[in-house]
Amino acid sequence: MKRAEQRGPTMQHYEALIIISSRITEEELPFVVDKIFGIIKKNGGTITKNENLGKKKLAFSIKQSRYGFYVLIEFNLTPEKYHAIEKDLGLMEEVIRHQILKIREKTERDLERERMLERSAALRLQEEEKKEKKMGATPVSTEKTEIKKEEKAAAPPKKKISLEELDEKLDKILDDDMIK
Amino acid sequence: MANNLLKQKQCYFCANSIKEIDYKDAKNLQRFLSSYAKILPRKKTGTCAKHQRKLARAVKRARHMALIPYTTR
Numbered sequence: 048m049k050r051a052e053q054r055g056p057t058m059q060h061y062e063a064l065i066i067i068s069s070r071i072t073e074e075e076l077p078f079v080v081d082k083i084f085g086i087i088k089k090n091g092g093t094i095t096k097n098e099n100l101g102k103k104k105l106a107f108s109i110k111q112s113r114y115g116f117y118v119l120i121e122f123n124l125t126p127e128k129y130h131a132i133e134k135d136l137g138l139m140e141e142v143i144r145h146q147i148l149k150i151r152e153k154t155e156r157d158l159e160r161e162r163m164l165e166r167s168a169a170l171r172l173q174e175e176e177k178k179e180k181k182m183g184a185t186p187v188s189t190e191k192t193e194i195k196k197e198e199k200a201a202a203p204p205k206k207k208i209s210l211e212e213l214d215e216k217l218d219k220i221l222d223d224d225m226i227k
Numbered sequence: 265m266a267n268n269l270l271k272q273k274q275c276y277f278c279a280n281s282i283k284e285i286d287y288k289d290a291k292n293l294q295r296f297l298s299s300y301a302k303i304l305p306r307k308k309t310g311t312c313a314k315h316q317r318k319l320a321r322a323v324k325r326a327r328h329m330a331l332i333p334y335t336t337r
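Those protein sequence lines, which keep their order, are chains A and B.
Be aware that the first sequence starts at 48, since it is given in this note's numbering, and climbs by one per residue.
Be aware that the second sequence starts at 265, since it is given in this note's numbering, and climbs by one per residue.
Bound-form chain A, shown alone (with noise of 0.2 Å):
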């Protein structure tokens, strides 16, 4: 709420996805950023993230070119000033495809959340796979067996605990949430 108030109540926070043509090279692809960073701070924005995704396969090909630069930027804006950067960033050259979306801002509970969460899948993960291999792995030899369930009784006591853990702390957050 108070990030909300410190960018005024007529500012909404945007996300957009650009791809630049794969016909730039590497080193001029900072250019291009700027360029578009130009284009936002033209309009009064206020650029918050920005992340290059890297060069990508398209999915399908796009005027002609098969890969694109990957660009995400985060951006504080009037609504008013939303078309007039839509029609910039297609008047762009560079700029085969882009989409700008209003999203949420995150905020500190959300990233902690967020990290949460994807902790707790890799565990998940982790223990499925395992299990997999268990299931996978028919008994050749009785030797074989025995030492795989020797390493059964040792190994899952820890992970799950751990997981326990983990699924008490979001359960927490989770909790947090709902009275807020």
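There may be inaccurate statements among the hints.
[To be verified] Result set (DSSO-like, lysine-lysine): computed pairs, CA atoms no more than 30 Å apart in a straight line: (1) B/Lys314 / A/Lys216; (2) A/Lys180 / B/Lys273; (3) A/Lys110 / B/Lys288; (4) A/Lys178 / B/Lys307; (5) B/Lys302 / A/Lys103; (6) B/Lys288 / A/Lys82; (7) B/Lys283 / B/Lys307; (8) B/Lys324 / A/Lys103; (9) A/Lys178 / B/Lys273; (10) B/Lys324 / A/Lys104; (11) B/Lys291 / A/Lys104; (12) B/Lys288 / A/Lys96; (13) B/Lys308 / A/Lys178; (14) A/Lys216 / B/Lys273; (15) A/Lys153 / B/Lys288; (16) B/Lys308 / A/Lys180; (17) B/Lys302 / A/Lys149; (18) A/Lys178 / B/Lys283; (19) B/Lys273 / A/Lys104.
By construction, these hints were calculated from the structure, which means they are not laboratory data.
Following the hints, position chain B against chain A.
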């Protein structure tokens, strides 16, 4: 793969408490697409109604940005 999806009873997004579906995460969206890159029905993926709507929107946004194909040949 398809069998696996059929078995799923709970919505993937609810289970992982994902509030907003990120259209930039093409890898994750791919699992809700058929081999012809069409959006799979809820019956097959087990997605809840709320998230299916959000998913459809995310897929369409991702398609526009050439992150996932509109169709495969």
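Consistency of the hints with the structure:
1. B/Lys314 / A/Lys216: Status holds; Cα separation ~26 Å.
2. A/Lys180 / B/Lys273: holds, 23 Å
3. A/Lys110 / B/Lys288: holds, 21 Å
4. A/Lys178 / B/Lys307: holds, 27 Å
5. B/Lys302 / A/Lys103: OK: B/Lys302 and A/Lys103 at ~22 Å, within 30 Å.
6. B/Lys288 / A/Lys82: Distance ~23 Å between B/Lys288 and A/Lys82 Cα, so the pair holds.
7. B/Lys283 / B/Lys307: Given pair B/Lys283, B/Lys307 holds - Cα atoms ~21 Å apart, limit 30 Å.
8. B/Lys324 / A/Lys103: Measuring from Cα to Cα gives roughly 19 Å; hence the hint holds.
9. A/Lys178 / B/Lys273: holds, 20 Å
10. B/Lys324 / A/Lys104: Holds, because 18 Å separates the two Cα atoms, which is no more than 30 Å.
11. B/Lys291 / A/Lys104: holds, 14 Å
12. B/Lys288 / A/Lys96: holds, 16 Å
13. B/Lys308 / A/Lys178: Given pair B/Lys308, A/Lys178 holds - Cα atoms ~24 Å apart, limit 30 Å.
14. A/Lys216 / B/Lys273: holds, 25 Å
15. A/Lys153 / B/Lys288: holds, 16 Å
16. B/Lys308 / A/Lys180: holds, 26 Å
17. B/Lys302 / A/Lys149: OK: B/Lys302 and A/Lys149 at ~26 Å, within 30 Å.
18. A/Lys178 / B/Lys283: holds, 28 Å
19. B/Lys273 / A/Lys104: Roughly 34 Å separates the two Cα atoms, so the pair is violated.
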